[in-house]
Amino acid sequence: MQPPRPLEHDILEAAARWYADLHISPDCPDTRKAHQQWLASDPRHRQAWARVEKLQHKLGILPTPIAHPSLRGAQLRRREMLKLCSLLLVGTGGAMSAWHLPWYDWTADQRTATGERRRIRLADGGHLELNTNTALDIRYSEQWREIRLYSGEIWIETAPDSLARPFIVNTAQGRVQALGTRFLVRTEADKTSVGVLQHRVAIQPTALPEANVQLEAGQYLEFSARHIGPIQLLDRNADAWTRDMLIINDWRLGDFIAELSRYRSGHLSCDPSVAELRISGAFHLKNTDLVLENLSGTLPVRPLYFTRYWTRLVAR
Amino acid sequence: MPVSDIREQQTVDSLYRQHHDWLKAWLYKRLACSATAADLAHDTFLRLITSRQVGQVQQPKAYLGNIARGLLIDRYRRHALEQAYLESLAALPEPLEISSEQRLMILETLLEIDRMLDGLSERTRTIFCMTQFDGLSYVQISQRLNISTNTVRKHFVQALTQCLLLIED
Numbered sequence: 001m002q003p004p005r006p007l008e009h010d011i012l013e014a015a016a017r018w019y020a021d022l023h024i025s026p027d028c029p030d031t032r033k034a035h036q037q038w039l040a041s042d043p044r045h046r047q048a049w050a051r052v053e054k055l056q057h058k059l060g061i062l063p064t065p066i067a068h069p070s071l072r073g074a075q076l077r078r079r080e081m082l083k084l085c086s087l088l089l090v091g092t093g094g095a096m097s098a099w100h101l102p103w104y105d106w107t108a109d110q111r112t113a114t115g116e117r118r119r120i121r122l123a124d125g126g127h128l129e130l131n132t133n134t135a136l137d138i139r140y141s142e143q144w145r146e147i148r149l150y151s152g153e154i155w156i157e158t159a160p161d162s163l164a165r166p167f168i169v170n171t172a173q174g175r176v177q178a179l180g181t182r183f184l185v186r187t188e189a190d191k192t193s194v195g196v197l198q199h200r201v202a203i204q205p206t207a208l209p210e211a212n213v214q215l216e217a218g219q220y221l222e223f224s225a226r227h228i229g230p231i232q233l234l235d236r237n238a239d240a241w242t243r244d245m246l247i248i249n250d251w252r253l254g255d256f257i258a259e260l261s262r263y264r265s266g267h268l269s270c271d272p273s274v275a276e277l278r279i280s281g282a283f284h285l286k287n288t289d290l291v292l293e294n295l296s297g298t299l300p301v302r303p304l305y306f307t308r309y310w311t312r313l314v315a316r
Numbered sequence: 001m002p003v004s005d006i007r008e009q010q011t012v013d014s015l016y017r018q019h020h021d022w023l024k025a026w027l028y029k030r031l032a033c034s035a036t037a038a039d040l041a042h043d044t045f046l047r048l049i050t051s052r053q054v055g056q057v058q059q060p061k062a063y064l065g066n067i068a069r070g071l072l073i074d075r076y077r078r079h080a081l082e083q084a085y086l087e088s089l090a091a092l093p094e095p096l097e098i099s100s101e102q103r104l105m106i107l108e109t110l111l112e113i114d115r116m117l118d119g120l121s122e123r124t125r126t127i128f129c130m131t132q133f134d135g136l137s138y139v140q141i142s143q144r145l146n147i148s149t150n151t152v153r154k155h156f157v158q159a160l161t162q163c164l165l166l167i168e169d
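Line by line, the protein sequences are chains A and B.
Residues 1 to 316, numbered by UniProt numbering, are exactly what the first sequence covers, in order.
Residues 1 to 169, numbered by UniProt numbering, are exactly what the second sequence covers, in order.
Source of the hints: derived by calculation from the structure; they are not laboratory data.
Misleading hints may appear alongside valid ones.
Claimed, not checked - DSS-like, lysine-lysine: derived pairs with alpha carbons at most 30 Å apart:
#1 Lys29(B) to Lys61(B)
#2 Lys154(B) to Lys58(A)
#3 Lys154(B) to Lys33(A)
#4 Lys33(A) to Lys58(A)
#5 Lys191(A) to Lys286(A)
#6 Lys61(B) to Lys191(A)
#7 Lys29(B) to Lys54(A)
#8 Lys24(B) to Lys61(B)
#9 Lys24(B) to Lys191(A)
#10 Lys33(A) to Lys54(A)
Please build the complete structure, drawing on both the sequences and the hints.
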């Protein structure tokens, strides 16, 4: 923006008032006449009015159905980003590790597409189940049995190893070591979450080499490279995805839609006006179209299909 | 080259040597992307040079930090608007035909309007948008927001005045 103008605030405000009046009664002859007189009485008035016309022209460029939502959405996002910004400051900070580089996803040993689920038998007899959009490497060496999880979510059942090599899952945020066991690991942009179904695991964030938190069966926690969250109760349906189900109890609709979008190609979002509605139930992940259609049976919402790949849930 | 320009050049050089790495690291911490941090650090110095106030800089760190912060905010603003624009587009019941040229113009205009409305209260912004984009009358807005039509007009005039102050002649 330019530095302060020669035009005084009062004149511009007067122009704004004229615009406001003409806006409500554009055809009123008295208003128009008085406006013309105001324009003629001072060249600075005409200069101010030229700005009004310029602004009008600019506003006219914007397609009306998207102008207001865009401006409002941008402001909401900015607020979110301010939060994210402060997180970044206390969060990663350090150098960008190879973990964050996107091409790691593409060269991974094993990967699943959106909506795909796959079960893998490991060399030692253990099992690995990959949820939607998951990429990982399997690295068995003399010292370790290592899974490098680059993105997505896995369910693991380890088998006893004849060489007694530790079984570990590494993510961008740290290491999860199995202490004989069945567990879930999910990694996202800035956090890893772990849920234990049987026995125990030990957790060690990358930037906290001294930390060694043990998580028991039925427990759940989230951690970042520098921070370990509180231990919580594991949702007993947390592994329902291994049966192609999502089972939830009293979730925000916004969270439900975000979760569902993991299993669906393209963009799926939820209008803020319905995001706070609550939802419970069991949903089939193999047919998310049907899930969306059926929502309108229980909630005052409906899916709006913009294109095949853009869906938005809105108020009915 | 006039003497004053040479002196200015030297000042920029020494500022650059002393502060570029620090500034890049500062930006990097906030962006977690080194290419963008390098770009913005570069832009910061460019701003400094074109501002023609190199000679008057008393506290270089604070001054450079201020410019860089402005650029960073601008970047976020642009990003937020682009995302919001795409979402609004996707939320439309009927697809809107927009050429890439139009798209660019719409985004630039949105950015400009967004900057103009900066600093106004949420309510003032909303009322401005309601009159200008949603095609609502003062009476309709007053009913929706449960305020008098006079108050609606006051908010509208306030928003409009701010836009007129900031728009270029």
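Checking against the hints above, which ones are violated? Hints 6 and 7 not satisfied by this model.
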